[in-house]
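> When you get a sec, could you build the whole thing from the sequences and use the hints?
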Amino acid sequence: MKPSVGLSLTLSLLLLLPACGFHLRGSQTKSPDIAVYLHSMNAERIYQALQQQLGGGLRKERTAADYELLVSDESLQQNILTVSSTTGKAEEFTIRYTCLLTIRKVGGGGDLLHNQRIALTRDYTFDEDAVLSKFEEQQLLENELITQAAQAVIRHLNAITR
Numbered sequence: 001m002k003p004s005v006g007l008s009l010t011l012s013l014l015l016l017l018p019a020c021g022f023h024l025r026g027s028q029t030k031s032p033d034i035a036v037y038l039h040s041m042n043a044e045r046i047y048q049a050l051q052q053q054l055g056g057g058l059r060k061e062r063t064a065a066d067y068e069l070l071v072s073d074e075s076l077q078q079n080i081l082t083v084s085s086t087t088g089k090a091e092e093f094t095i096r097y098t099c100l101l102t103i104r105k106v107g108g109g110g111d112l113l114h115n116q117r118i119a120l121t122r123d124y125t126f127d128e129d130a131v132l133s134k135f136e137e138q139q140l141l142e143n144e145l146i147t148q149a150a151q152a153v154i155r156h157l158n159a160i161t162r
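Going by this note's numbering, the sequence shown opens with residue 1, and the numbers climb by one from there.
Think of the hints as simulated: they come from the structure by calculation, not from any bench.
Glycine is no exception: its CB is placed at the ideal position from the N, C-alpha and C atoms.
One or more hints might be untrue.
[As the list claims (entries may be wrong)] Taking CB as the label site, the calculated pair distances span:
#1 THR87 - GLY55: 45 to 51 angstroms
#2 SER84 - ASP111: 45 to 51 angstroms
#3 SER72 - GLU142: 16 to 22 angstroms
#4 VAL83 - ALA130: 15 to 21 angstroms
#5 GLN116 - GLU136: 27 to 33 angstroms
#6 ALA90 - GLY55: 36 to 42 angstroms
So this is what it looks like as structure tokens:
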């Protein structure tokens, strides 16, 4: 096969890949083209992440929206995963983020999704010699978990509104 034919074939296949619905892992979840009323009960971090991701689809008045989204009972917990057998100190931790999601159709019809638990976990190692960098890593992981939880909420919303 000539190099130019192989290159054009490869480029053609790469251009057709998105047409089948394929997207790379970690790519942004597209927010639906619907009007959403968002509120929270004890879930400020995911509320803020959803405000950013939903953007122009948010409505300030419930009656102006197609769907009502309620996020509640946000929890971020850190637990010891492993302990050193020689020093007895924690070496690995797990961070667990959970919240509840309820989706309703505005104007009646009841809950389309009621108290669906969104739960995500991440593990990380701890090093006493790099306490500051490990603290920053923990903060980054927490922010990543909240962003991913917001994307999961949007995927639920997309699935329901199709």
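> Work down the list of hints and note, for each, if the structure agrees.
Hints versus structure:
{"no.": "1", "hint": "THR87 - GLY55: 45 to 51 angstroms", "verdict": "holds, 48 angstroms"}
{"no.": "2", "hint": "SER84 - ASP111: 45 to 51 angstroms", "verdict": "holds, 47 angstroms"}
{"no.": "3", "hint": "SER72 - GLU142: 16 to 22 angstroms", "verdict": "holds, 19 angstroms"}
{"no.": "4", "hint": "VAL83 - ALA130: 15 to 21 angstroms", "verdict": "holds, 18 angstroms"}
{"no.": "5", "hint": "GLN116 - GLU136: 27 to 33 angstroms", "verdict": "holds, 32 angstroms"}
{"no.": "6", "hint": "ALA90 - GLY55: 36 to 42 angstroms", "verdict": "holds, 40 angstroms"}
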